[in-house]
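Residue numbers (my numbering): 1 to 502.
Hints in this document: simulated from the structure, not taken from any laboratory. Positions of the beta carbon are idealized from the N, C-alpha and C atoms, including for glycine. Heads up, a few of these hints could be off.
Stated by the list, open to error - Heads up, simulated SDA-like pairs for lysine to any residue below, C-alpha to C-alpha not over 20 Å straight-line: (1) Lys116 <-> Lys97; (2) Lys444 <-> Asn427; (3) Lys230 <-> Gln152; (4) Lys108 <-> Gly124; (5) Lys230 <-> Asp274; (6) Lys97 <-> Asn139; (7) Lys434 <-> Asp495; (8) Lys466 <-> Arg246; (9) Lys408 <-> Lys466; (10) Lys444 <-> Asn458; (11) Lys149 <-> Arg229; (12) Lys155 <-> Lys230; (13) Lys175 <-> Lys224; (14) Lys116 <-> Gly126; (15) Lys405 <-> Asn469; (16) Lys405 <-> Asp274; (17) Lys224 <-> Pro205; (18) Lys434 <-> Lys466; (19) Lys477 <-> Gln184; (20) Lys444 <-> Asp386; (21) Lys97 <-> Lys175; (22) Lys149 <-> Gln105; (23) Lys132 <-> Arg229; (24) Lys405 <-> Asn491; (25) Lys169 <-> Gln152; (26) Lys434 <-> Leu383; (27) Lys155 <-> Gln194; (28) Lys444 <-> Ala428; (29) Lys444 <-> Asp239; (30) Lys110 <-> Ala120; (31) Lys200 <-> Gln152; (32) Lys224 <-> Asp274; (33) Lys376 <-> Lys477.
Stated by the list, open to error - Have a look at the derived ranges for each label pair, beta carbon to beta carbon: (34) Ile501 <-> Ile181: 21 to 27 Å; (35) Asn220 <-> Val452: 41 to 47 Å; (36) Gln309 <-> Arg498: 40 to 46 Å; (37) Asn379 <-> Arg67: 17 to 23 Å; (38) Lys97 <-> Asn440: 39 to 45 Å; (39) Val202 <-> Ala120: 21 to 27 Å; (40) Glu109 <-> Asn139: 15 to 21 Å.
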Amino acid sequence: MKGLINIVGILFVFAIAEQPGFAQTAKPLPEQFQQLRRKLAFARDVQSITRDEHAAELLMTAETDLRRANRLMRERRVVMAHSHLSRAEIAINQALKILFRDVIQKRKEKLDQLIKEAEAIVPGSGIPEAQKTLEQGINNHQLAIQAFKDNQIEKSSQHYNRAIYLIEKAIDLVKNSDQSIEQQAADEAYRFDQYLSQNKAVIEPSRNETVKRNQQLALNLARKADIARKNGEYRLAIDYYHQATRLLLRALNMAQGKTEQSALRVYDEITLLDELIENVEQSFLSESADEKTELLLNRAKQLQQEAHQALDNQNYGIALRRSQLARDLIERMVKKTRRPPKDISEQIAAQLEALNYELEELEFFMSDSSDQEARKLLNYAALARDRAEQALKNKNYRVSIEVIKMAKQLASSADQLVNTGAEQQTNATLIHQKLQRLENGLLKTRAEAAPVMTPQINFRIEQTQKMVNLARENYEKGFLHVADSFIILGNGYLDQCRDLIK
């Protein structure tokens, strides 16, 4: 009997395979499943804006069918899984047809208004960057229309988002290209020239090839900045001047024997000291706060402060000695209590173990979720985890600690998003404004930091730039929640940087 059932099942599969609908979806079932999950996530994002009840019911039906299909695939019940996938796809397509009647029309109307405004002010502005951005926006507009005609609805939406972003950027470039931006570029040029003239006597006599190479690169960038200023590309000029100043600072530090490598090594030593002292305070004082223990700890904390101050002043030798003295005192206190605190590498390993558990638990919880952005955030968190593990292997404790913090925040954002689902709305215009504020804040902070640059400040500026890049990339692809998460991280690094500059 069991054999007969198997034969009937096989014949049923072949019968379905002959149907036109089955031939069109000849991809493996897991691939079909993932594709439909992405499509459902996209549809839910649109539905959260339009609030169409009929579409919402269709998407709930589709989600139920996808969950059943997922379970059936695990049980290797292929025919039934395929049936539920087909039903889910039909429901999603019906929902998208309902949703995009209004959504695409609203985006089209908004884009038409933006193009009219841009075409009125950009061509005569004399700003090449604005003109080029406008052309890219119009091109994406045409691609959006064509994709919609081809029933590629998600692709059409992405092109509309990209077109709106580019047209808004072109308008902003014209509106913000007033005398203040031009004056800011002139100020940066003057600041670079002054910095160069003040430090020539130290840099030019150096026989270090790396010093000479950094100086030449700085001069080349300054020339590019001058050309950009003449062409009216003031923002580009400002960015070039900032890069040139950083290279000049690096050349100066090397010429004075203050290499970035040695600075980072000292910074890692002090980071290790900070972790040790924090661990000691948490693990020892509450239980064994005798007079001698408190005396040793207070002296170690005083040396810790002096090490930080010396590092801020780029006195790396003093910073290293103060750090080593403080660690010697901690070791004496540890021997006295006979309960040594964990080594920094062990602490980081423990944090990574906890992070791995959190990511695995979230992965399991999200196995049936169709939220594409939550999945993306979880993937970014996993990548950050991998980077932290590599940094720990290389004994780069500073990077490992920072990246673990980032991974935890990304995982938390994914968890929040998968729990709130469509209830957590985003606004493309708001995200765009937040991203612009972060970019402007980064430009301003770079300028303020140039004369007082330290490894701590430089590290946070570089991290902020990475967050800006990731936020921009995801915003342009329409992943607004992901972009917002990186904007929040970028603002955090920027705030730390400002505190260090003060």
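Hints versus structure:
Proposed proximity of Lys116 and Lys97 is contradicted: the alpha carbons are some 28 Å apart, above 20 Å. Taken as a hint, the Lys444 and Asn427 pair is broken in the structure, with Cα atoms around 26 Å apart against an allowance of 20 Å. Restraint check for Lys230 and Gln152: the C-alpha separation of about 43 Å exceeds 20 Å, so the hint is violated. For the hint linking Lys108 to Gly124, the alpha-carbon distance of about 25 Å lies beyond 20 Å, and the restraint is violated.
With a CA separation close to 49 Å, the supplied pair Lys230 and Asp274 exceeds the 20 Å bound. The hinted pair formed by Lys97 and Asn139 fails the criterion: a straight-line CA distance of about 25 Å is larger than 20 Å. A C-alpha spacing of about 15 Å is found between Lys434 and Asp495, which places the hinted pair at or below 20 Å, so the restraint holds. With a C-alpha separation of about 17 Å, the suggested pair Lys466 and Arg246 falls inside the 20 Å cut-off, and the hint holds.
A hinted pair counts as satisfied when its Cα atoms are at most 20 Å apart, and Lys408 with Lys466 qualifies at roughly 17 Å. Distance hint between Lys444 and Asn458 is fulfilled; the C-alpha atoms sit about 14 Å from each other, no more than 20 Å. With a C-alpha separation of about 43 Å, the suggested pair Lys149 and Arg229 falls outside the 20 Å cut-off, and the hint is violated. For the hint pairing Lys155 with Lys230, the CA-to-CA distance comes to about 39 Å; that exceeds 20 Å, so the pair is violated.
This hinted pair does not check out: Lys175 and Lys224 have alpha carbons roughly 24 Å apart, beyond 20 Å. Between Lys116 and Gly126 the alpha-carbon distance is near 18 Å, which keeps this suggested pair within the 20 Å criterion. For the given pair, Lys405 sits about 19 Å from Asn469 by alpha-carbon distance, which is consistent with the 20 Å threshold. Of the pairs offered as hints, the one joining Lys405 and Asp274 holds, with about 16 Å between alpha carbons and a cut-off of 20 Å not exceeded.
Pair hint Lys224 plus Pro205 does not hold up; C-alpha atoms about 25 Å apart against a cutoff of 20 Å. For the proposed pair Lys434 and Lys466, the alpha carbon gap of about 16 Å is at most 20 Å, so the pair holds. The suggested pairing of Lys477 with Gln184 is violated, with an alpha-carbon distance near 32 Å, which exceeds 20 Å. The suggested pairing of Lys444 with Asp386 is violated, with an alpha-carbon distance near 32 Å, which exceeds 20 Å.
Distance hint between Lys97 and Lys175 is unfulfilled; the C-alpha atoms sit about 38 Å from each other, more than 20 Å. Taking the CA atoms of Lys149 and Gln105, the gap is near 13 Å; set against the 20 Å cutoff, the hint holds. Under the criterion of a C-alpha separation no larger than 20 Å, the hint pairing Lys132 with Arg229 is consistent with the structure, at around 17 Å. Simply put, Lys405 and Asn491 have alpha-carbon atoms about 14 Å apart, close enough for the 20 Å limit, and the pair holds.
With a CA separation close to 26 Å, the supplied pair Lys169 and Gln152 exceeds the 20 Å bound. A distance of roughly 25 Å separates the Cα atoms of Lys434 and Leu383; the hinted pair therefore is violated under the 20 Å criterion. A hinted pair counts as satisfied when its Cα atoms are at most 20 Å apart, and Lys155 with Gln194 does not qualify at roughly 50 Å. In summary, the hint linking Lys444 to Ala428 is not supported, as the alpha carbons are separated by about 24 Å, beyond the 20 Å threshold.
As the CA atoms of Lys444 and Asp239 are separated by approximately 10 Å, the hinted pair is consistent with the 20 Å bound. In summary, the hint linking Lys110 to Ala120 is supported, as the alpha carbons are separated by about 16 Å, within the 20 Å threshold. Only pairs whose Cα atoms come within 20 Å are accepted, and Lys200 paired with Gln152 is rejected, the gap being roughly 59 Å. A hinted pair counts as satisfied when its Cα atoms are at most 20 Å apart, and Lys224 with Asp274 does not qualify at roughly 42 Å.
Taking the CA atoms of Lys376 and Lys477, the gap is near 12 Å; set against the 20 Å cutoff, the hint holds. Checked against the hint of 21 to 27 Å, the pair Ile501 and Ile181 passes, with Cβ atoms roughly 22 Å apart. With their beta carbons about 24 Å apart, Asn220 and Val452 fall outside the hinted range of 41 to 47 Å. Checking the proposed 40 to 46 Å range against Gln309 and Arg498 shows it is violated: the Cβ atoms sit about 18 Å from each other.
Take Asn379 and Arg67: their Cβ atoms lie about 21 Å apart, and the range 17 to 23 Å holds. The hinted window of 39 to 45 Å between Lys97 and Asn440 holds, with their beta carbons roughly 41 Å apart. Remark: the range hint 21 to 27 Å for Val202 to Ala120 is contradicted by a beta-carbon distance near 52 Å. Our hint of 15 to 21 Å for Glu109 and Asn139 holds, since their Cβ atoms are close to 19 Å apart.
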